[in-house]
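Peer 1: These protein sequence lines are chains A and B, in that order.
So in the working numbering, the last spot in the first sequence is 126, and the numbers never skip.
So in the working numbering, the last spot in the second sequence is 287, and the numbers never skip.
Keep in mind that the hints were calculated from the coordinates and are not lab data.
Among the hints, a few may not be true.
Stated by the list, open to error - Using C-beta positions, here's what the derived DEER-type ranges look like:
id, chain 1, residue 1, chain 2, residue 2, range
1, A, Asn19, B, Glu110, 43 to 51 angstroms
2, B, Lys226, A, Gly73, 40 to 48 angstroms
3, A, Asn19, B, Phe232, 32 to 40 angstroms
Claimed, not checked - Cβ-to-Cβ under 7 angstroms is the rule here; a few derived chain B residues that face chain A:
id, residue
4, Gly160
5, Asp162
6, Ile172
7, Gln178
8, His196
9, Asp199
10, Lys208
11, Asp212
12, Lys213
13, Tyr214
14, Ile272
For glycine and all other residues, C-beta sits at the position ideal for the given N, C-alpha and C.
Listed below, chain by chain, are the residues.
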Amino acid sequence: MKIIISNSSSTPIYEQIKNAVITQIMSDELSEGDSIPSIRSLAQDIKISVMTIKKAYDELEKEGYIKSVQGKGTFVAPKNTGLAREQANKEIEQYISKIIEISSKFNISKNEIIDLFDYLYGSDEK
Amino acid sequence: MKNIIEVSNLIKKYDSNFQLGKIDIEIPSGCIIGLIGENGAGKTTFIKSLLNIISIGNAKIKIFGKDINKYESEIKEEIGVVLDNMFFPEILTTADVNTIMKEAYKKWDEDLFYKYLEDFSIPKNQKIKILSKGMRKKLEIATALSHKPKLLILDEPTSGLDPVVRNEILDIFMNFIQDEEHSIILSTHITSDLEHIADKIIFIDNGKIVFDKYRDELLDNYGILKCDLDKFENIQKEDIVRYKKNKYNYEILVENKTKMIKKYKDYIIDKITIDELMVLIIKGEEI
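Construct the complete structure from the given sequences, taking the supplied hints into account.
Peer 2: If you want it as structure tokens, here you go:
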């Protein structure tokens, strides 16, 4: 597992830990059943308070990314692609709203945007 | 989570104008608790009360669920203590410390003590007066750990030490709390040491507890809004927890940082350090 904590980032530390784990699950660097460090040992290794790590782990578990098994440890849960897609969709929606906002400010028509989209998408399509 | 310490109705008056308390507090086990505050705010008095070193009057203090007045020696077997001043005479050697402590604690583990000395790179048979300040502190911590306590209480363990030694000491603490039943209470004014590793911060000012909060609740919640003198007027009064007027700008302590960043888009809102929080709460003004 890889975790890098930035002190200058405005993202709370528990969220940075959470994001690091999610990213690695989504990119298959961590896969189902892989064990992840216990709260206390991770706290020691990255010198972050136990409660902060616990908060990150609690949310990861609530959102279904990891599973803790009493007496055995914490493991990566089966990948829930539905949930991941839903989150990706939400993110895309945000960007599209931004596109609409900017284009309407400068009177750029929907068709122009679609053309631009096709152009960019096409050039990337393999 | 169980409470390792429960304090109620603690009031400590000295002849001078200083009064500690009234303090009522519960401290959960399995955590690192940081006690912060100005010099003379009452941190050491609080620690000494916990240890029953100074009389606690009518206060009720329970440690490990047991009354400190009734079970003092039993409780103290389970506590490791490091106070501000070295309690061993300088002419003793590290080996003498072992001989003395063996008599003092039933559970003293000689092998463990020498293992700590080795881990902390302290010579096994050396006069204390020859040891550097950092080594003496590590010797005290090794001594506090060698009877396998469940609770470590430390008054200013890192003050006057260089960053490398401080870092080593924080490592020792993180290692100690690998056991879920272990807890650490430490007072310090080097708050950067606590910034990451403390689970909970207790802020004492003028003998009173100003707050007792989890680290994340504090540092992710509070922020500092900075603005020039004209823009200060545009900030709603209820958003100002404390403010400090400087010559060229204002520093404003705000709560609910994420919300404030959205609300005051044209302002700079920085994350806060424990130091800044402490200064703004002590020196800042309320509206």
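Peer 1: Indicate, hint by hint, whether the structure satisfies it.
Peer 2: Hint-by-hint comparison with the structure:
1. A:Asn19 with B:Glu110: 43 to 51 angstroms: Since A:Asn19 and B:Glu110 have Cβ atoms about 47 angstroms apart, the given range 43 to 51 angstroms holds.
2. B:Lys226 with A:Gly73: 40 to 48 angstroms: Holds - the Cβ-Cβ distance for B:Lys226 and A:Gly73, about 45 angstroms, lies within 40 to 48 angstroms.
3. A:Asn19 with B:Phe232: 32 to 40 angstroms: Cβ of A:Asn19 to Cβ of B:Phe232: about 35 angstroms, so the range 32 to 40 angstroms holds.
4. Gly160: At 21 angstroms from the nearest chain A Cβ, B:Gly160 fails the 7 angstroms test, so the hint is violated.
5. Asp162: violated, 17 angstroms
6. Ile172: violated, 10 angstroms
7. Gln178: holds, 5 angstroms
8. His196: Holds - the Cβ of B:His196 comes within 7 angstroms of chain A, reaching about 5 angstroms at its closest.
9. Asp199: This interface hint holds because 4 angstroms falls under the 7 angstroms limit.
10. Lys208: With a minimum Cβ separation of about 24 angstroms from chain A (threshold 7 angstroms), the hint on B:Lys208 is violated.
11. Asp212: violated, 14 angstroms
12. Lys213: This hint is violated: B:Lys213 lies away from chain A, its Cβ roughly 11 angstroms from the closest one there, beyond 7 angstroms.
13. Tyr214: holds, 6 angstroms
14. Ile272: Interface hint status for B:Ile272: violated (11 angstroms vs cutoff 7 angstroms).
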